[in-house]
Each structure stands twice: as structure tokens, then as C-alpha cells.
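Chains as they are written, first to last, in the working numbering: chain U, 1 to 612; chain Z, 1 to 102; chain P, 1 to 185.
Honestly, I wouldn't trust all of these hints.
27 Å max Cα-Cα, derived DSSO-like pairs, lysine-lysine [unchecked claim]:
| id | chain 1 | residue 1 | chain 2 | residue 2 |
| --- | --- | --- | --- | --- |
| 1 | U | Lys433 | U | Lys510 |
| 2 | U | Lys520 | U | Lys510 |
| 3 | U | Lys505 | U | Lys164 |
| 4 | Z | Lys87 | P | Lys26 |
| 5 | U | Lys510 | U | Lys164 |
| 6 | U | Lys543 | U | Lys505 |
| 7 | U | Lys433 | U | Lys543 |
| 8 | Z | Lys87 | P | Lys178 |
| 9 | U | Lys520 | U | Lys531 |
| 10 | Z | Lys88 | P | Lys178 |
| 11 | Z | Lys88 | P | Lys26 |
| 12 | U | Lys297 | U | Lys482 |
These are computed hints drawn from the structure, not numbers from a lab.
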Amino acid sequence: MEILAFSILLLPLLSSLVTLFFLRKHGNVAALLSVATAGGILVFASYLIFSNGGEDFAWDANWLTLSNWELRFGFLIDGPARLLLFVVAFVGLLIHIFSLGYMEDDTAKSRYFGGLSIFMFSMLGITLADNLIMIFVFWELVGFSSYLLISHYFTTEEAANASKKAFIVNRIGDFGFLIGIVLTYWIFGTVNLKELSDLASFDPSLTSTALCLALACGFIGKSAQFPLHVWLPDAMAGPTPVSALIHAATMVAAGIYLLVRIDFLFTDQALSLLGLAGSGMGLYAGFCALVQRDIKKILAYSTLSQLGYMTAAFGLGMPGIAMFHLMTHAFFKALMFLGSGSVIHACHHEQDIFNYGGLRKKMPITALTFLIGVLAISGVNFLSGYFSKDAILLGAYNSNMPVFVLLYAGAILTALYMFRLYFITFEGEARGKYAKQAHESASLMTAPLIILALLSVIGGYHGLYPFSLIGSSLSDLELVAKMPNHLWMIVLGTFAWVSGCIAAKLLYSKVDQLDPLETKAPAFYRLCSSKLYFDEVYAVYVKRVQDPWARFLEVLELLFVSGLMVRGSAGLAALFALLAKTFYVGRIHAYAFWFILGTLGFLAYASGLFGN
Amino acid sequence: METITPHHFVGLGGVLFAIGFLGVVIRRNLLLVLMSLELMLNGVNVALVAFSRTSLNLDGSLFVFFIMTVAASEVAVGLALLVALYKKRASVFSEDMSLLSN
Amino acid sequence: MNIVDLLFYFFATLTVGGAVLMVFSKHPVPAALFMITSLVGVAALFVLLEAFFLAILQVLVYAGAVMVLFLFIIMLLDVGPEGGKASRIKVVSGLAGSVAAGLLVILVLNFVLQTGFESNRQIWPAIDESSMVTGQNLVFSTAVKNFGFGLFTKYMLPLQVSGFLLLAAMVGVIILSKKSVAEES
């Protein structure tokens, strides 16, 4: 088994290394290698998931020993790990295949596909890791590969800045995560997840709110939750398949996965805080998405909102539901991102939805699959999103009313902005000149769309999944199934998406270059497009507080470290050298003379001239 | 007048050593520098034998034997170096061997 | 003043005089000859100290082999007297050297006069063969046999090392001479 896990982990690493060393000039070969690697991962992962019938599997070995502290390298494959492994491998493969079509004309294919392989490596590392330090290592690696892939079009300033922003914002979260890991080790004496789980259930008083909030910092950075959410919309500067894979389906979901893995550490206070923060994020991101013009940014805010739902589910004490929603969300969000990729590809990288329009007739497959995605995320009855999202809503309704209100408002907004996106992009008349010439993408790109659309339709029926995949979520799903108010919830849920759809139809069925909301409710529009001024506040903070502080430190450094200590010690040495240089006259006689003077000194000392 | 004591021999050795050192410092001819070095070694030899004789211990004399061995090989190598240098520089004077001085 | 004293003063004068003349003679050939005088004087002093074997070695190795080698090289290179401005003994180095040498002499004499040897001990004449000769306690003796015994017992390792030193010197000299030949061709 560990051989299998190792091959899953090392296959993409090998692929990226081969690409790095041998295939930099052979983009097509690198692309095929990367896709083949993704296929291999899926095969191995399936084998690993299904081979021992849902039994948990743990293995570890010594990695590093520092005196009496040792770092272990191991795999822990339990329910959530199997689920995420499946999502990463499966969606990853589809997105690799899609990339073949999408990146066909790109000049730096090998860099792109090498980056994808590194990402797969690090993401699988997070999935399989059995201790917090190993998770942290791979956590940083996904941050790195995300940086690499966001800045794929590094010649544009937008992409370069976005990659830096993503990296730096993630560092802030990771710092908290690191502190959390250190604290965990301090308190528990171990970072192994299994041992931690045993210890925490043995003595619940060991856990504390501060500890789990520090660990949750990692989640907040990676999953782009409040207040570190600012990087995700900007990260859309990367290629669209990357946005689908990293910034929708897998990497940002890794934050949720981390929470689920360490859920035994969380106290009730921390849970309720997370629940409130997550539902607030769901609503806030919905408002932001409502007024965006860039197709990918709408989807990015939608991702933020859905991540908020997962967080809320976790905060309500239903990690299984969070994982379940993670999976269905991976399906329909990857579907929509790839759909938007198909549209962007067809429209020569035009991303403003008001320049699209009428694409349904020109790109029927993309439009249909995208519509399925929209229906699924809006929670249309009996599609995948309905099951997972309404499970969260029902759980909230029965346990925490404020969270429910926020989430329910978010659900209406979700339907509204998603249908807005659909209506403006695919219905009506073509507005931009590229939209007029658009045509359906190649089958290499539509095939993943169709598969994902199928999964978005049926992915909500948990009975369809084998036990080894869904096992960890079953208990939470049953818990929700036994809750009261089911009928009421169906009515509410249906009302949410129907009202959202109708409002979108009324508002956006006939649009021109201008957002109708901008003319009808300018104040509201401005408030939403400002995104509550987070970026501006951060910019002011950096400029007013951080920059002067950095400058102050720089002065100190120049004065004391490089001035006094480095230059000073060098100067002292130079002074001695200057003195010693005078003895260096380049004639052998002089040296003999110094030598004998030294001897004389010894002799004088030996004969007691200096006093004994 | 007192008879000769070991002090006389040691003193004589010191004087020989000093003269040899003077030669090393003031002479520019490397051949003579080498010879002066031999003189310094001889001064030490005299002192060593005197000590050895006085303390009735053969170790000092044996050391003189080893010093002679080292001196002989030193002279051989030194002279070979000198010849090689002479072939390159056509000089045995130390002023011409100061490439390293600034 | 007995004959030993006379002989000592005579040979001491010979040695020091030869050394001084050697150091101050302009031409290398006379310098080498004065050096031989000095070395022979040292050999005679060895005889006075009853280190006969060393005296013979001194004459054979120094006055014989080494000085012949010197003379040979002087003549081979055809080194003339030091002349010209560049080769004149510089005032500074002469002064410094004299001061250092004078200090040296003063210090040695000071040392010699201050520290008392056990001068009242009867050491003359030396024993010529001793039954006290053992591996670790070598007693001064005129016999070459004792000398050899010391060399091959207590000083076995240094003897071997000095043999290697000679070998290394020989190889070095051969390499040095060969290299210069190769450069010329």
C-alpha cells in the first residue's frame, strides 16, 4: 500500500523534473507526459481507494532526526483523504485533458504543464500526509505552484502582481499555521494526526480555542476566507484551467480538508466563530459577484461564497457535509470554470461578459453544460448542489438561526448572480466582435465538460458512491436526513433558486454594454463593486504602517548590522592588516630578522629578563 | 685563571650563532646566506655537545648527529634550488628574487 | 693555564675569526675557505669535548662534503664578488643585524653566566665505555659503540625518518635539476 501511495506522490514529481530537465523546448511532449501522469495518478489513486474496502490505512517512516526530536514521513488514508484523493485525481485528469485544448497555441507549454505536475505533486502530498509538518511542507509547495501558475502570463503586469499578491497573502495565513503547528507540538508533543486525535479524545482539555484558531489561519489563507480573501479574485489572471483546478476545485478546498482532518481539535467557540465567518463570507462574496464584469472573477467570488458554505458546514459541526459539498462543488465549479475557459478560448481571451451574448447558438455544448453547472450551484432540486447545499442549510436551520439567515440570503444571491452570468453570456444577441465569430471548442475541451456536467447532475446521490469514497460523510448525511423541517426546507430552497432565476431574467435578459444594476441602483452597485474596500484598506495599511516600519528597520540595519558589525569588523581586520603589511617588505632578510627577534624574545623570557 | 668550563663552549656557540645570523641578515649573496645558516647550526652544535658532555648524557650528541643530517640535506636542496634559480634569473643575489614584494 | 685552556682559546679564535671573515669577505671563494677554517675549528672543539666521533663527522660531512659542494656550485655558477650599488651592504640592514646579533650575544652570555652548571662536578676525563649503557639512559661516552647503540635503540625512529629525509632530499634535488634541463631544451 505504501508503495502505491509513494508512486502516486512521486509520479507527478518525476514528471515535472523530467519536464524541467529534458523537455523545456518540447512543449507538446511535456503536455502529453503531464496528461499521462495525471492518468496514472487516477489509476493508482483508484486502486488505493478501492483496494481495501474502505479500511483506513496508515504508514510512516523516519524522515529526519534532530537529537531527540524526529520528523516522520507518512501516509494516513482515511475517509476524507480518499474523497479528496478521488476529487484531485479525477478533476485533475479532466483539467489536464482540457488544458491540452486550451493551451494549444501557448508558447510556454512545458512550463505550464510542468507547473501542473508540481501542483499535483504538492496537492497529493497534502492529501496523503499523516502529520502537520508534512502537511505544512506540501502546503507551502501548493502555494509555490499556485504562484508559478498564476504568473504563467508573467509578461502582463496584472498576472505578475496577482501572483505576488497570492503568495504574500498566503504567507500571512501560513505564518499563523506555523505558529499553530508549533503550539500543537508544544501542547501535545506530537504532530501526527492519528496520535493527536487519540490524545484530544482522551483529554479534551488539551484543546484550546487559541490553538485551533492559529491552525485555522492556514485554512483562512489557503481557502481565501475573510480577511485574507483578497488574493483569490486577482489570481484569476492565470490560465483558466489553472483557475479551475487550483482556485476552484482543489487547492482552495485543501483548507477545508485541513479543518476536517483536525476537527477533533476544535472547540465549540472556534466552531461557532468559523460558522459565522463562513456564512458571512458566503453572503459577502455573493454581493461582490453580483456586480463583476469579468467572467472569471464572478466565478472566483462564487468560489469564495461556496467555500464560505463549506466553512459554515464545518462550523456547524458537520465536517462530513463540508467534504461532501467540497466534492460536488469541485464538480460543478470545475465545470463552470472550464466552460468559461471554453468561452474565453472561443472569444480570443475576451473576459468581459458584456462583450459576449448569444453564445448559446454558437457554442451549444458549452452553453448546455454551463447551464447545468449554474443549475447545480443554485441548488435546483435533485441536482448535486441541491443535496449538498440544502444539507448545510437544513443543518443551519435546525441549529443556528443567524448562520441560516446569512446562508439563505447567500443562496438567493448565488442563484441571482449565476443566472445573471448565464443570461448575459449565452442568451440575447452577440455584442462584442469576438462573440460574433465564436464557435464551439474542440472535442478535447468539450469532453471534460460533458463528464463534469454528468457528475454535476448525479453527484448529489450519495448512494451512487462506493462506501470507501463517501464513508466518512455518511454519518453526517444521516444526521441531516433525520433532522426535522425537511419539507419546509425544500420549499425554501426551491423559492431561493426560483426567485434568483426570475430576478436575473427580469434584470438581465436584455442588456447592453452597461450593467442594468448600475443605472437602477447606483449606490448599491458602487458599494458592491468596492468589495467593502478591503484592497484599499490593505494598501493604506502597507503604505502607512508597513513601509515606514520597513524603512526604519532598513536604517537600523544599515547603521548597526551592515554598518557597525559587518563593516566595523571588516575595518578592524583591515587595520590589523595595514599594521601587518608594514612587516611585509618582500625580502628574505627582513623575514629572517623578524624571526630572530622573536627568538630573542623567547630567550629573554627564558633567562628571566621579564621577571619570573 | 680558571680552567675552561662548559660555559665557555656555550658562550662560543652563542657567538657563532650571532655571527651566522649577522651573515644571514646583511649578505645579499644567497650562497653566503646558506653558508651563514650552516654557521648558525654549528653554533647550536657546539652548545649541544657541551651540554651533553656536562650532563654526562649522550642524547645531546645524538641530536648533533641528526642536525648534521638535516643540514646536509638542506644544503643539497638549497643549492639545487639556487642553481635552478640561477638558470632562470642569471643571478644569485636576493634583490633579484623579490617578485612578491610590492 | 693548562694546555686544554690554551687549545680552547686557540681553536675558539680560529672558529670565530673564520666565521667573521667568512661573513665579511666580498668574494664567495675566500668566504668558503674561511668557512672551512671555522668548521675545522669547531671539529677541534668537539675533540676538546671528547666527542671524537662527532669531530670526525664534522670534518668529513661539513668541511669535506658540504663545503666542497659549496665551492663546486660557486665555481659552476661563476659567482663574482658582490659589487655595484645594489649589492652593497645596506646601512639599515647592517645596523639592524648588528643590533640583533649583539643582543643575541649579550643574552646568551647573560644566560651562561647566570645559570650555574654543576661546575664542581668532576667530568674530566670522560669514560670510554660504560656498563651503565642501557636503552633509555645513555651515558656520555667516547666510544662509537655507545653512539651506535643509542642511535639504533632509543633513536631508532628518528634515524629512519632522517634516512627518509635524505632520500626525499635526493629525489628533490634530482627533480629540480631535471626540470631546469627540460626547460632549456
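Status of each hint after checking the structure:
no.: 1; hint: U:Lys433 to U:Lys510; in the structure: holds, 18 Å
no.: 2; hint: U:Lys520 to U:Lys510; in the structure: holds, 14 Å
no.: 3; hint: U:Lys505 to U:Lys164; in the structure: violated, 39 Å
no.: 4; hint: Z:Lys87 to P:Lys26; in the structure: holds, 23 Å
no.: 5; hint: U:Lys510 to U:Lys164; in the structure: violated, 39 Å
no.: 6; hint: U:Lys543 to U:Lys505; in the structure: violated, 43 Å
no.: 7; hint: U:Lys433 to U:Lys543; in the structure: violated, 41 Å
no.: 8; hint: Z:Lys87 to P:Lys178; in the structure: holds, 12 Å
no.: 9; hint: U:Lys520 to U:Lys531; in the structure: holds, 19 Å
no.: 10; hint: Z:Lys88 to P:Lys178; in the structure: holds, 14 Å
no.: 11; hint: Z:Lys88 to P:Lys26; in the structure: holds, 24 Å
no.: 12; hint: U:Lys297 to U:Lys482; in the structure: violated, 38 Å
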